[in-house]
Amino acid sequence: MPFDNPLALGALASVVPLILLYLLRPKPLQVQIPSLMFLMDIKEEKKRFYTSISKLVKDPLFFIQLFVLILLALAAASPYFESQEALSGDHTVIVIDGSASMQTDGRFSDAISKAEGYVSKTNTVILAESTPVVVIESAGAQATRDALAAMKPKATVADLSGAISAAMRIISEKGGNIVVISDFASWNGDDPVNSMKLAESYGLNVQFLLVGREADNTGIIQGTIEVADGSYNYNGVIKNYRSSRQSVDVEIKNLDSGKTETTSFTIPAKATKQITLKNLGTGITEVSILDDDSLTADNIAYISIPRISDRQLLFVTDINDLPSKLALSLIPTINVKQLEGVPDDLTDYSIVVIANKERALASNEISALNSYLNGGGKVVFIASDALSSENAKTGLVELLPVMPKSVEDTDNGVTLTVVQDTRLSEDIKYDEVAMYKFLNVTSRIESTTLVATEDGVPMLVYGPVGDGTSVYLGINDITGENAWNNFHNLPEYPVFWSKLAGWLGGTGSVQDYNLKTGTVSALAKEQEIQTPSTTETVSRVLYDEVGVYQVAGKEIAVNIYNDRESDTTLLGTDVIERSQANDGSGIVRASSYTAKNYLDNYMIIIIFALVVLELLIIRKRGEL
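If you read the sequence shown in full-length UniProt numbering, its first letter stands for residue 1, the second for the next number, and so on.
Calculated from the structure, these hints are not laboratory results.
Just so it is clear, the structure is predicted and the values come from calculations on it, not from any experiment.
Ideal Cβ placement from N, Cα and C applies to all residues, glycine included.
Careful: at least some of the hints might be erroneous.
Unchecked claim - Using C-beta positions, here's what the derived DEER-type ranges look like:
#1 70 <-> 535: 49 to 57 Å
#2 260 <-> 222: 19 to 27 Å
#3 150 <-> 597: 33 to 41 Å
#4 580 <-> 434: 47 to 55 Å
#5 418 <-> 260: 17 to 25 Å
#6 408 <-> 363: 25 to 33 Å
#7 340 <-> 411: 30 to 38 Å
#8 363 <-> 20: 55 to 63 Å
#9 281 <-> 222: 17 to 25 Å
#10 363 <-> 338: 47 to 55 Å
#11 553 <-> 281: 14 to 22 Å
#12 535 <-> 374: 21 to 29 Å
#13 338 <-> 398: 38 to 46 Å
#14 274 <-> 527: 34 to 42 Å
What the hints assert, rightly or not - Using 30 Å as the maximum straight-line C-alpha spacing, the simulated BS3-like pairs for lysine-lysine come out as follows:
#15 273 <-> 259
#16 152 <-> 114
#17 337 <-> 259
#18 525 <-> 393
#19 152 <-> 516
Input sequences plus hints: build the corresponding full structure.
So, in structure tokens, the structure goes:
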């Protein structure tokens with residue numbers, strides 16, 4: 001019989017003390033006796049020994065306690081036997097498209113109505129966004145209907161294939177049904193029909209349901225912000241999806257100042273119109289199409305221009321003219337102050353960067369950083385010899401999100417790989433970074449690694465220190481013949497520092513304040529954020545609504561900006577045809593699965609019965 005936890009069988013050794021307990025005799029009393037009496041008592045001693053064995057064997061309490069100990073050890077080892085069970089269709093996974101186009105003319109409400117007709121005994125509901133979101137799992141019929149009634153469409157592009165794959169993982173072992181309800185207008189990832197075929201090859205029944213009809217729409221499908229001569233300019237694109245010329249009224253309003261202006265123009269059928277806004281004011285600017293149409297989510301574009309911060313970034317280094325300091329200085333909304341040491345008072349700084357290459361920080365500097373971090377500050381430590389285990393003091397090591405070791409050289413250089421996708425990995429070609437020398441470190445348990453070497457050595461790590469955030473950047477920024485890597489030579493280098501400054505809560509780049517729906521952002525720590533519709537406490541933000549998010553003290557404007565999602569004339573009839581044309585030829589469907597049947601619950605029931613029997617015997621003897 002196989003066991004899931006065979007080490008628990010060691011508990012069987014507990015029967016040995018039980019046997020010894022029943023054999024245990026009182027300590028004999030030492031008295032002086034004649035030799036003849038001693039010889040005569042030998043036979044009597046043997047008789048008493050065999051009498052003890054006989055009592056042990058005949059005492060039912062011994063067997064009850066023996067079986068209890070054996071069954072407890074076996075139950076802890078989780079014994080089971082395997083059997084082949086037929087695939088079941090009792091579990092239904094309902095995948096509902098939650099993309100922006102599903103907000104058109106009641107498509108989403110139609111999808112919910114159709115989903116209610118497929119509710120079975122056991123159900124899982126998945127909302128297909130840019131990443132699949134499991135709304136409810138393995139729930140009963142009423143709980144599923146309640147969850148469906150509370151669902152709302154989002155403003156992302158749906159990854160239907162990813163949602164089907166998530167459904168497969170949930171029911172692949174025991175079988176079931178997958179129902180996908182969508183307008184199939186557009187999607188991210190693989191073709192959903194390919195995922196359907198894969199699911200059917202595992203014996204799962206997959207059905208596609210189409211909702212929606214063609215509708216008229218005019219939407220804002222593109223928007224970019226440029227910085228020129230210290231001012232911010234916006235270039236937007238509005239598209240008319242109608243088959244006729246459309247007159248469009250547009251309102252531009254700055255929500256901070258209240259300044260409003262209106263413009264009108266005509267867009268030919270199936271054509272676009274570019275709008276340009278110059279010298280945008282700080283704060284949130286709202287661009288609105290005033291005309292009604294079938295999709296309102298793309299009728300408003302939000303623009304966020306960061307307010308100039310009155311706080312500074314402190315750059316501490318023992319070497320001048322580092323590329324990291326230059327990259328930070330290029331950010332127009334950040335004031336960089338360079339010092340050779342850490343001052344006692346850091347309250348005026350929003351971010352502190354420690355870029356010492358040789359000089360180890362003194363005790364008073366470490367104490368200042370410790371107080372700053374515990375008070376909510378953000379510190380970036382750049383790898384160098386000064387941070388190695390040979391040079392860094394214990395107090396400084398405790399502030400790092402990693403445990404440093406020694407500096408290592410590589411013959412041919414090692415490349416980097418992204419461990420977690422965040423805004424810090426977008427548009428950054430880490431695979432083109434060659435590390436010729438690096439500080440070998442290990443990540444702490446409470447820290448999060450975003451980028452590492454191909455061998456798994458952390459290169460970009462962050463973790464909490466008190467109320468603050470400590471960031472370790474393992475990509476040394478020294479240049480020249482002694483350079484550790486080539487990152488500073490890549491065009492993405494200043495982009496990285498702009499993203500890092502913005503992510504940590506500095507003003508950063510204006511692009512960090514204007515995102516597309518579907519973007520995922522990892523926060524430095526779990527915190528409360530304000531979405532356009534609610535308040536949440538998260539450590540990872542999925543921007544799936546159009547509007548303004550309040551995150552880490554920043555106002556982040558989020559827009560759809562997707563041509564296909566705004567095209568309400570698209571319908572996925574071809575997807576339905578291709579899914580129905582799939583006759584399963586060449587697919588070998590499984591008819592059963594291997595089930596583990598655990599016996600520990602039955603053993604626990606027997607143990608309880610034996611304990612009750614033991615109590616009855618003790619009570620009958622008058623010992624209870």
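Verification of the hints:
1. 70 <-> 535: 49 to 57 Å: holds (55 Å)
2. 260 <-> 222: 19 to 27 Å: Because 23 Å falls inside the window, the suggested range holds.
3. 150 <-> 597: 33 to 41 Å: holds (37 Å)
4. 580 <-> 434: 47 to 55 Å: For residue 580 and residue 434 the Cβ distance comes to about 51 Å; the hint holds.
5. 418 <-> 260: 17 to 25 Å: 43 Å Cβ-Cβ, so the 17 to 25 Å window is violated.
6. 408 <-> 363: 25 to 33 Å: holds (28 Å)
7. 340 <-> 411: 30 to 38 Å: holds (35 Å)
8. 363 <-> 20: 55 to 63 Å: With a Cβ separation near 60 Å, residue 363 and residue 20 satisfy 55 to 63 Å, so the hint holds.
9. 281 <-> 222: 17 to 25 Å: Holds: the Cβ-Cβ distance is about 22 Å, inside 17 to 25 Å.
10. 363 <-> 338: 47 to 55 Å: Given range 47 to 55 Å: violated, Cβ gap about 22 Å.
11. 553 <-> 281: 14 to 22 Å: holds (19 Å)
12. 535 <-> 374: 21 to 29 Å: holds (26 Å)
13. 338 <-> 398: 38 to 46 Å: Roughly 26 Å apart at Cβ, these two residues miss the hinted range, so it is violated.
14. 274 <-> 527: 34 to 42 Å: Given about 38 Å between the Cβ atoms, the range holds.
15. 273 <-> 259: Within the cut-off at roughly 23 Å; holds.
16. 152 <-> 114: Since the Cα atoms of residue 152 and residue 114 sit roughly 15 Å apart, the hinted pair holds (cutoff 30 Å).
17. 337 <-> 259: violated (36 Å)
18. 525 <-> 393: With Cα atoms ~26 Å apart, residue 525 and residue 393 stay inside 30 Å; holds.
19. 152 <-> 516: Holds - the C-alpha atoms of residue 516 and residue 152 are around 19 Å apart, at most 30 Å.
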